[in-house]
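Engineer: Listed below are the residues making up each chain.
Protein chains: 2
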Amino acid sequence: MASWLQIPKNSPFSLANIPFGIISSSKITSPVAAIAIGDYALNLSTFASSGGFSQLPAIQPHLNVFSQPTLNAFAALGRPVHRQVREYIQKVLSTDTPFPQTLKDNVTLQKEALLPLSEVTNHLPMQIGDYTDFYAGLNHAYNIGVLFRGPDNALQPNYKHLPVAYHGRASSVVTSGTPLHRPNGQILANPAANPKLPTFSPCKKLDIELELAFFVSQPNDLGKPVPISEAEDHIFGVVLMNDWSARDIQAWEYIPLGPFNAKNFGTTITPWVILTDALEPFRTSGLEPENRDSLLPYLREKRAENAYDIPLEIEVTNAGGKPTLISRSNAKNLLYSFPQMLAHHTITGCNLNTGDLLGSGTISGNEGQTQGSFLEQTNGKNPIKLADGSERLFLEDGDTVTLRGAAGTEGNYVGFGDCVGTILPAVKLDF
Amino acid sequence: MASWLQIPKNSPFSLANIPFGIISSSKITSPVAAIAIGDYALNLSTFASSGGFSQLPAIQPHLNVFSQPTLNAFAALGRPVHRQVREYIQKVLSTDTPFPQTLKDNVTLQKEALLPLSEVTNHLPMQIGDYTDFYAGLNHAYNIGVLFRGPDNALQPNYKHLPVAYHGRASSVVTSGTPLHRPNGQILANPAANPKLPTFSPCKKLDIELELAFFVSQPNDLGKPVPISEAEDHIFGVVLMNDWSARDIQAWEYIPLGPFNAKNFGTTITPWVILTDALEPFRTSGLEPENRDSLLPYLREKRAENAYDIPLEIEVTNAGGKPTLISRSNAKNLLYSFPQMLAHHTITGCNLNTGDLLGSGTISGNEGQTQGSFLEQTNGKNPIKLADGSERLFLEDGDTVTLRGAAGTEGNYVGFGDCVGTILPAVKLDF
Numbered sequence: 001m002a003s004w005l006q007i008p009k010n011s012p013f014s015l016a017n018i019p020f021g022i023i024s025s026s027k028i029t030s031p032v033a034a035i036a037i038g039d040y041a042l043n044l045s046t047f048a049s050s051g052g053f054s055q056l057p058a059i060q061p062h063l064n065v066f067s068q069p070t071l072n073a074f075a076a077l078g079r080p081v082h083r084q085v086r087e088y089i090q091k092v093l094s095t096d097t098p099f100p101q102t103l104k105d106n107v108t109l110q111k112e113a114l115l116p117l118s119e120v121t122n123h124l125p126m127q128i129g130d131y132t133d134f135y136a137g138l139n140h141a142y143n144i145g146v147l148f149r150g151p152d153n154a155l156q157p158n159y160k161h162l163p164v165a166y167h168g169r170a171s172s173v174v175t176s177g178t179p180l181h182r183p184n185g186q187i188l189a190n191p192a193a194n195p196k197l198p199t200f201s202p203c204k205k206l207d208i209e210l211e212l213a214f215f216v217s218q219p220n221d222l223g224k225p226v227p228i229s230e231a232e233d234h235i236f237g238v239v240l241m242n243d244w245s246a247r248d249i250q251a252w253e254y255i256p257l258g259p260f261n262a263k264n265f266g267t268t269i270t271p272w273v274i275l276t277d278a279l280e281p282f283r284t285s286g287l288e289p290e291n292r293d294s295l296l297p298y299l300r301e302k303r304a305e306n307a308y309d310i311p312l313e314i315e316v317t318n319a320g321g322k323p324t325l326i327s328r329s330n331a332k333n334l335l336y337s338f339p340q341m342l343a344h345h346t347i348t349g350c351n352l353n354t355g356d357l358l359g360s361g362t363i364s365g366n367e368g369q370t371q372g373s374f375l376e377q378t379n380g381k382n383p384i385k386l387a388d389g390s391e392r393l394f395l396e397d398g399d400t401v402t403l404r405g406a407a408g409t410e411g412n413y414v415g416f417g418d419c420v421g422t423i424l425p426a427v428k429l430d431f
Numbered sequence: 001m002a003s004w005l006q007i008p009k010n011s012p013f014s015l016a017n018i019p020f021g022i023i024s025s026s027k028i029t030s031p032v033a034a035i036a037i038g039d040y041a042l043n044l045s046t047f048a049s050s051g052g053f054s055q056l057p058a059i060q061p062h063l064n065v066f067s068q069p070t071l072n073a074f075a076a077l078g079r080p081v082h083r084q085v086r087e088y089i090q091k092v093l094s095t096d097t098p099f100p101q102t103l104k105d106n107v108t109l110q111k112e113a114l115l116p117l118s119e120v121t122n123h124l125p126m127q128i129g130d131y132t133d134f135y136a137g138l139n140h141a142y143n144i145g146v147l148f149r150g151p152d153n154a155l156q157p158n159y160k161h162l163p164v165a166y167h168g169r170a171s172s173v174v175t176s177g178t179p180l181h182r183p184n185g186q187i188l189a190n191p192a193a194n195p196k197l198p199t200f201s202p203c204k205k206l207d208i209e210l211e212l213a214f215f216v217s218q219p220n221d222l223g224k225p226v227p228i229s230e231a232e233d234h235i236f237g238v239v240l241m242n243d244w245s246a247r248d249i250q251a252w253e254y255i256p257l258g259p260f261n262a263k264n265f266g267t268t269i270t271p272w273v274i275l276t277d278a279l280e281p282f283r284t285s286g287l288e289p290e291n292r293d294s295l296l297p298y299l300r301e302k303r304a305e306n307a308y309d310i311p312l313e314i315e316v317t318n319a320g321g322k323p324t325l326i327s328r329s330n331a332k333n334l335l336y337s338f339p340q341m342l343a344h345h346t347i348t349g350c351n352l353n354t355g356d357l358l359g360s361g362t363i364s365g366n367e368g369q370t371q372g373s374f375l376e377q378t379n380g381k382n383p384i385k386l387a388d389g390s391e392r393l394f395l396e397d398g399d400t401v402t403l404r405g406a407a408g409t410e411g412n413y414v415g416f417g418d419c420v421g422t423i424l425p426a427v428k429l430d431f
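Chains as they are written, first to last, in this note's numbering: chain A, 1 to 431; chain B, 1 to 431.
The following block holds chain A by itself, in its conformation from the complex (with noise of 0.2 Å):
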């Protein structure tokens, strides 16, 4: 696919994807509806104020979910619908669109609604009702296990035969390039000391958890559980996330129930949001199809390809120095997909709504430096050494952590952007 508009050949935002966001800008003051394309993001709400959807009669009678500060009102339409507006975008942008009057021969329009990336402000895409976090890695789960059980009990017996997860905290989360303090919490200095006695510090062990997530776009309500034959019509479409973790105030507080504070000081999120059917060109086998078939009803998908290629990678860059690619992994390193994940969180009748958000849990590969967190890398003892010479166990202040994913070849990728995030200092408090 080519468009009239030019692409960067290493832009994520090729024609064949057009993902939506929420954006700003020095003259757009109130937050509204668009799609990436290039490096230009395109209006939806002036471009369909000015009659752009004037060739989709569909859209017609919901034009007004573009002026809106969340695409929670155009997920909700439905999956037909987010079909046919991706479509209907990507014949306008086109080489050779039948529409040409609509944009491509129309410089007053382009003026207007195609702004460079550059000057745009992105937000929040969805307003997010519940945030649950899934543990759907399953190299990730083997390989916390190791550290904390040995290879032979690294999988909990659960782990084959549902998606573990938990719920999370929706408050806090935030787009891409929002700086976070590192938090203050309990900490355990002495795990061996007897009576164990809590320190208040701030976090010496923050690290990162590779992730995508997707958001809910249709509800379902309380007591009706989706079929799995259903669920992939009620995910709106996929993010990339960054889950924060702050592994010594974990270590210390999530017996019996979880982790709780230290996850809840931040989660990051890429702003633009890939419609599942934008990743359809790459479906793949998840890992271990054969234990899908050993799964209950419930979770049991036709569709043997559950997964997506999509290869991921972290970069770290210190206050001051250059980046270092510290790890590449891919999304095909999910045991269970979305679809299996949404039928779960619902078959005991919970229901979800649109905006709500659910994260696979930390993607890692199974060789070294594919991992999703440093926690897996290092152990807290193997440092990463960066491109300075300089060395981490976990996350110093000033780091900035940059993750990125992209599907497909040069010049057609389907991508995220980058999922950034800085670590200030922790506040320092006077109480």
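It is worth saying that the hints were derived from the structure and are not from the lab.
Some hints here could point you the wrong way.
Partial chain B-side listing against chain A, Cβ under 8 Å, derived [stated by the list, open to error]:
id	residue
1	Y135
2	R169
3	G185
4	K196
5	I347
Quick list of the computed label-pair ranges, beta carbon to beta carbon [said to hold, decoys possible]:
id	chain 1	residue 1	chain 2	residue 2	range
6	A	P195	B	K196	32 to 40 Å
7	A	R303	B	L424	29 to 37 Å
8	A	T199	B	A387	46 to 54 Å
9	A	A304	B	E119	52 to 60 Å
10	A	P195	B	S30	51 to 59 Å
11	B	S30	A	E288	47 to 55 Å
12	A	R303	B	E112	55 to 63 Å
13	A	D277	B	D430	25 to 33 Å
14	B	E112	A	Q55	51 to 59 Å
The structure displayed is predicted, hence computed values, not measured ones.
Glycine residues also receive a C-beta, built at the ideal position from the N, C-alpha and C atoms.
With chain A held as given, fit chain B onto it using these hints.
Structural biologist: Using the frame of chain A, we list chain B on its own:
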């Protein structure tokens, strides 16, 4: 305090209470704010638009908060406003009211704004952003610990240093009276088998948890912990809560990230929010006050009376049967206070929003028939006898659970009203 309105002596909604909620009726189709007084709801939208607040200048710019379908806007006004409004309404309803023409002598407005509780529908009082559940009931944590690990290691090493908590599911919080289906899910029918193979089944160990919960009024920004000295001013008010729990689903799923599907199918709260000011006369010392002084400074409260003396009870009624009181507890059975929970939640910089709900954890006494859950009372072995002679290890289909709680004495009760839920049979799935 006496009212010109006839208030039954056993009403939880005495003049000393004045709890806030959201109601609708056959005539009020768009939900509005109200307070409960005796057997009536005072429609605050009608009251405000009819000049009811004319003697309270401070609230004049904000009268629109009472016409909204949630209390979020009212809560966000902050504690000094809540206090003024409650005290003003108490004056208006007092026998010796200084403003007799407002309502006491205004029969027209009485007919318009005072609605029998039996004729109103209660709604969720707040739009809940995030819901967090703590584990601050010391006796509950001890009782559960004894069941799983014996009396010598009943409490985990962290328990007396921080209020353990987990993120809960906000979307499935429902208001009293909403029936819930018994959840389906994965359970381990034979835990001793090797390998462990789950079966798909309706939950067979459906339980309750008797809790209090509080709503957040004013938010804090991400990265700005709330000092414990200011925490109380971020608390709007308190409700009674039943954190329904599927024990068999929980036992299989909860390692290593805590309860998920075992709790996400429903959580029931009372619809009337008691302002913390109304509970002020019932302050008392919490459990183990000496522990307070050993806490890290960010959790140390100056006030010794950091709990509330509120008698609580659990009643179970089987289908067609009579009510059986199965437990009496008290809100003072908490090791941590609400301000301690809020301070701990935010110490990492986690932002709380107006409408967030924070639960106390199960509130159990330390004697027979004072426990806040079936699991503690029966250990799955020693049944509870109901009034009709039938026995319960856990809940059966058709059972109705009613939680109640009220502080104070006859004629002056500050109570929550009933927190009611009936268990419907599990949904039959054709997938």
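Engineer: Work down the list of hints and note, for each, if the structure agrees.
Structural biologist: For each hint, the structure was consulted:
1. Y135: holds (6 Å)
2. R169: holds (6 Å)
3. G185: Hint holds; G185(B) Cβ to chain A Cβ min 5 Å, cut 8 Å.
4. K196: holds (4 Å)
5. I347: holds (6 Å)
6. P195(A) / K196(B): 32 to 40 Å: holds (34 Å)
7. R303(A) / L424(B): 29 to 37 Å: Between R303(A) and L424(B), where Cβ atoms are some 33 Å apart, the hint holds.
8. T199(A) / A387(B): 46 to 54 Å: 53 Å Cβ-Cβ, so the 46 to 54 Å window holds.
9. A304(A) / E119(B): 52 to 60 Å: Because 58 Å falls inside the window, the suggested range holds.
10. P195(A) / S30(B): 51 to 59 Å: This hint holds: roughly 57 Å between Cβ atoms.
11. S30(B) / E288(A): 47 to 55 Å: holds (52 Å)
12. R303(A) / E112(B): 55 to 63 Å: holds (60 Å)
13. D277(A) / D430(B): 25 to 33 Å: Hint holds: Cβ distance 28 Å, inside 25 to 33 Å.
14. E112(B) / Q55(A): 51 to 59 Å: Holds - the Cβ-Cβ distance for E112(B) and Q55(A), about 53 Å, lies within 51 to 59 Å.
When held up to the earlier numbered hints, the structure conflicts with none and fits them all.
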